[in-house]
Amino acid sequence: MNLLTLLMSTVKRYHRILLAAYTTAQAAWIVVTAYILVAPHHVLKGPLEGQVALLWYSLIFFETSVRVAQLDAVTVYAYTVVVGVALALEALVLALKLLIARRLSKTMRAFMASSALVSLPASGVIAALSRLEADIVSRIARIHGYTTSAGRIILEEQVIETTFTHSLAGMVWLLAAATSILAVLVYLGAEEA
Amino acid sequence: MYQSSDGEKVLKLYDKVLVGTAAVLLLLALARLLDLPVALAIVAGRSMEPTLRPGDMVVLAKGDIEPGDIVLWCTGPTSCTIHRLINLSRGVAVTKGDANPAPDPPIPAQLIKYRAVFVVPRELVAVVAVAAAIPWLYRRLPELARVELPIETVAFITLGTYLLIVYTAPLLAPQPPPVFTAIQGLMPRIWLEKLHLTPNGTIIIAYGVERTWPVEVVDCTVDAPELNATAECMARLRALTVLVNVPREFYNMLYMQGWSMMWLHLTVELTNATLEARYPVHIAWRPVKMVVKNCILVIANPNPADTIAIVTLANPPLNKTTLRVKASAASEIEIPLKGYRYIVVRVLEAGERESTYATHVNC
Chain B
-15 MNLLTLLMST VKRYHRILLA AYTTAQAAWI VVTAYILVAP HHVLKGPLEG
35 QVALLWYSLI FFETSVRVAQ LDAVTVYAYT VVVGVALALE ALVLALKLLI
85 ARRLSKTMRA FMASSALVSL PASGVIAALS RLEADIVSRI ARIHGYTTSA
135 GRIILEEQVI ETTFTHSLAG MVWLLAAATS ILAVLVYLGA EEA
Chain W
-17 MYQSSDGEKV LKLYDKVLVG TAAVLLLLAL ARLLDLPVAL AIVAGRSMEP
33 TLRPGDMVVL AKGDIEPGDI VLWCTGPTSC TIHRLINLSR GVAVTKGDAN
83 PAPDPPIPAQ LIKYRAVFVV PRELVAVVAV AAAIPWLYRR LPELARVELP
133 IETVAFITLG TYLLIVYTAP LLAPQPPPVF TAIQGLMPRI WLEKLHLTPN
183 GTIIIAYGVE RTWPVEVVDC TVDAPELNAT AECMARLRAL TVLVNVPREF
233 YNMLYMQGWS MMWLHLTVEL TNATLEARYP VHIAWRPVKM VVKNCILVIA
283 NPNPADTIAI VTLANPPLNK TTLRVKASAA SEIEIPLKGY RYIVVRVLEA
333 GERESTYATH VNC
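Quick mapping for you: the protein sequence lines, in order, are chains B and W. For the first sequence, my numbering gives the first residue as -15, with consecutive numbering after it. For the second sequence, my numbering gives the first residue as -17, with consecutive numbering after it.
Hints listed in this document are in silico derivations from the structure and should not be mistaken for laboratory results. Be a bit skeptical, because a hint or two may be false.
Computed cross-link-like contacts, BS3-like style, restricted to lysine-lysine with a CA-CA straight-line distance of at most 30 Å [stated by the list, open to error]:
#, chain 1, residue 1, chain 2, residue 2
1, W, Lys275, W, Lys320
2, W, Lys78, W, Lys95
3, B, Lys29, W, Lys78
4, W, Lys308, W, Lys320
5, W, Lys(-6), B, Lys90
6, W, Lys275, W, Lys176
Using the sequences plus the hints, can you model the full thing?
Take a look at the structure:
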């Protein structure tokens, strides 16, 4: 018995368990990704106050609301992850249908697996956007005192607090990788079943 | 049969228009990279509000530009800005977002690639996209559900479409270069408008402010490092003016030493910052004036320091009087001269120099 045959027999035998695991992992990826998109990654305190998430930000600089073009662009790019989440939701619905009804057309099974694979590039986009956002935040928060004809203006110290969400964004690909592997195994198992 | 054939023709034409429009839009989106005469961009930021809003589609064209035009300038394939051109001279262009408080730093004019010629509002883009997609999906989805597609095809379509979306997002909505005018333009500003030393020794400091306001003076000192002398001063804030009262003893010490420079240190709490200032204050010591008017000797001290005048009044051989008079800062002393014919006044000037005033009167 070669390795592939062993794999296929295992996948077929534990198909229901793999499907349940995949459904759970896919649901977890959706929830975590949605949280990463919405929850603030950076909290700013000082002259520039506010919160910065991937899909939104709110910054107040000396009582004036500030729009930062670079963060607006990050928000636009983050919508590509929303598309990924939408595809993952479709894959989850199909997985649930397969789990409950035990039947799914070949094309829909393929679509389920393909949509699950989208979580990998989407996780890469999240990681890249998080790093880009951190870089933009550190640049805009570089607010120092300066000298004018009246003297030296000393501003309050600018503090950037990085939240747990930012760390999570760098690790979500692990969940995406697990989801993708399980999706492929579920597809292979369903093919055999 | 005739009607059905006619309907199919319309649907085929609809498909062709839809695919053709999508192809043209894709080509226009990539046109910027190929430097084609016409290109397309989607607004990502809010710096041009209300003229351009995020999601608005802008049709761009090459051509002559002039101040007032909305232009697109790029520093890289995915690093572009759509702002209004406000100045163009000698190959240097200055742009500004309509919603930004300050202009962008000047850029070489050759970075400007396109001029905005037409704006498609985001609502129209959304309505047209949904209106076009719904009938297509309505017709195609049942067909797709029946079709048995291999995994390779489905994976290629799904992942390919997703990656296309991911990679075209930065091209369609390019990220502006790292120019943070939004923050820099909102910095509190305070500048010195006037610093004036009055004859009585009060220093008047007037400020101009923008986006801030002085709240209180928290510290005030004066010093003359060369003389190793320091003193605390009293400062009062009146709107944008600070009135500083320097102790008389400090002026007296400078006067005695003949020193005409001191430093004023102020710490002013602003509404959102702190101002730490160190101003040089020059004191022009002037000679004490002595005048006789209507048999009255007037000794006028124009300086902020006290001094001593020794006045000798004589009417020889009858009498002779010597007075030691304190000439307070910025004040006048009047001494009646009735019964005297000669007066000699010796005054201690700055730097402990003595000046003498002698005159003959007939009082």
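Consistency of the hints with the structure:
no.	hint	verdict
1	W:Lys275 <-> W:Lys320	12 Å, holds
2	W:Lys78 <-> W:Lys95	16 Å, holds
3	B:Lys29 <-> W:Lys78	28 Å, holds
4	W:Lys308 <-> W:Lys320	21 Å, holds
5	W:Lys(-6) <-> B:Lys90	28 Å, holds
6	W:Lys275 <-> W:Lys176	37 Å, violated
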